[in-house]
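Protein chains in written order, with numbering that gives the first Met the number 0: chain W, 0 to 252; chain P, 0 to 220.
Rather than coming from a laboratory, the hints here were simulated on the basis of the structure. On a predicted model such as this, the values are computed, not experimentally measured, just so you know. Using N, Cα and C, we set each Cβ at its ideal position, and we do this for glycine too. A couple of the hints might just be wrong.
Stretches of chain P that chain W covers, calculated by requiring three or more beta carbons in the stretch to come under 8 Å of a beta carbon on chain W [what the hints assert, rightly or not]:
1) 10-18
2) 47-55
3) 159-169
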Amino acid sequence: MDFKTGTLMYCLAFGVIIFVIIQSVFFMVKAWKRGKEIGIEKEKMKQTVISSVLFTIAPAVSILATVLALASALGIVLPWIRLSVIGNLAYETVAAESAVGVFGSSLANEIKDVKQFSTIAWTMTIGSCFPLVLLPILCKKIHKATQKMTSKSSSSNALGDILGAAAFIGIIAAFISRAVAGTPSDGPSAGFMSVSVLLSAMIFTIALDYLCRKKNLTKLEPFVLPIAMFGAMGIAVLFTQTLPAGITEFTWR
Amino acid sequence: MKKERTYTEKIHLWGAVWSVAALLVLFSVPFIFSVHYNAFPEIKTLLKALSTVIAVYWTTAIIEVVTYTPMLGAGGTYLSFLSGNITNLKLPCAMNAMERANVRANSEEGEVISTISIAASSITTTVIIAVGVLLFAPVLPKILAEGSVIKPAFEYVVPALFGALGASYFAKHWKISILPIAVGIIIYIFSPSMAVGTMIFITIVVSILGALGMYKAKIIK
Numbered sequence: 000m001d002f003k004t005g006t007l008m009y010c011l012a013f014g015v016i017i018f019v020i021i022q023s024v025f026f027m028v029k030a031w032k033r034g035k036e037i038g039i040e041k042e043k044m045k046q047t048v049i050s051s052v053l054f055t056i057a058p059a060v061s062i063l064a065t066v067l068a069l070a071s072a073l074g075i076v077l078p079w080i081r082l083s084v085i086g087n088l089a090y091e092t093v094a095a096e097s098a099v100g101v102f103g104s105s106l107a108n109e110i111k112d113v114k115q116f117s118t119i120a121w122t123m124t125i126g127s128c129f130p131l132v133l134l135p136i137l138c139k140k141i142h143k144a145t146q147k148m149t150s151k152s153s154s155s156n157a158l159g160d161i162l163g164a165a166a167f168i169g170i171i172a173a174f175i176s177r178a179v180a181g182t183p184s185d186g187p188s189a190g191f192m193s194v195s196v197l198l199s200a201m202i203f204t205i206a207l208d209y210l211c212r213k214k215n216l217t218k219l220e221p222f223v224l225p226i227a228m229f230g231a232m233g234i235a236v237l238f239t240q241t242l243p244a245g246i247t248e249f250t251w252r
Numbered sequence: 000m001k002k003e004r005t006y007t008e009k010i011h012l013w014g015a016v017w018s019v020a021a022l023l024v025l026f027s028v029p030f031i032f033s034v035h036y037n038a039f040p041e042i043k044t045l046l047k048a049l050s051t052v053i054a055v056y057w058t059t060a061i062i063e064v065v066t067y068t069p070m071l072g073a074g075g076t077y078l079s080f081l082s083g084n085i086t087n088l089k090l091p092c093a094m095n096a097m098e099r100a101n102v103r104a105n106s107e108e109g110e111v112i113s114t115i116s117i118a119a120s121s122i123t124t125t126v127i128i129a130v131g132v133l134l135f136a137p138v139l140p141k142i143l144a145e146g147s148v149i150k151p152a153f154e155y156v157v158p159a160l161f162g163a164l165g166a167s168y169f170a171k172h173w174k175i176s177i178l179p180i181a182v183g184i185i186i187y188i189f190s191p192s193m194a195v196g197t198m199i200f201i202t203i204v205v206s207i208l209g210a211l212g213m214y215k216a217k218i219i220k
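Construct the complete structure from the given sequences, taking the supplied hints into account.
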């Protein structure tokens, strides 16, 4: 049997996955109990779970696509493990590429040497582990500093809230400006399609938010974002199927 | 007040323990593989492979930990960094959950909602990838292959996600939003392939400075 997809690799994958799920359940139970203690309605927490699950489906399928893309060179199990723990869409491909590059090969070719495979596995692991080393040292300090700053600013006209929103907007702005003018390493360049999808998602969200407010549809609110996202992805399919390739393939980068 | 501190303290303690456990689990994969096949890498080759990876990703890790911790809350941070895919999934998911639940990121309600949201997202991602690998691995490459009907949907997940998320935020805070988007677009015009991780750092700084300036000039309240 191929060492990349042997029983050992599958056992390791199951171990890792069970660990991630247990950790998530642990933190969810603790947060849920705390939520009850401080008076957050059960319904609000339930809706958070449902909307987060729906929100996750499409990006998770993209992550799955990366696992499959890496599978031809590395077998399916190592990318599966790496993208289930710490892994990141953009990071894992680059890390694997650098490691494969040392052997003068590329991800287009299947890795057949067990030592090469082991080197790649170690490289991807060591490369991605650093946040886990930093968190026990830094997280508490950063968290305390943030709380100190926020409690100070909330007394002076909610500046903390404004800065928090500004930081969120900063992140969104990076991805939006990339869709308008960038050439991402993990997707198509900015052009007709990226901007159409972006605008469709915005229009769907605004329309659904308006509907929720006008008709008082509070139950629909948690689903606004997943629906808008799927709607915009549907627009991508619709345009590719109905418009001439000259338009849908038009990019300005 | 005392109780609140106790919960946060506990989260940090659990988080530290889980992080160390996660490191052990993470390293057990290449270690057990190497022992089983008697195939430890040569140090020289490994260091060569790591030289570029560490330079880029360890630096990014420092920036990410400092940037995202205040936004995700304590529990959310520990969970997100373990399960990964923060910018393209966990962070937007938590942001959306807090926005919809109408809670502030740095309040205890925000901490609870963010943690529940990220935990739900982590479990969903793990299950989808596992089911995808085990059941659909033979079929999925065809579904997502070049030329398949639904391939474009997944090529544009990121603009769909941030477009939808952006609309809610921009509607509420349009004055703050203009500057970071404009700066981001201008930089991308001159440097189109800049890594989004670097851009995030720039646009956050621009956005915060812009908001601070507008607050001081009484343009926003």
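A quick look at each hint next to the structure:
1. 10-18: holds (count 7)
2. 47-55: With 7 residues close enough to chain W, the hint holds.
3. 159-169: holds (count 11)
When the structure is compared with the earlier hints, no violation turns up for any of them.
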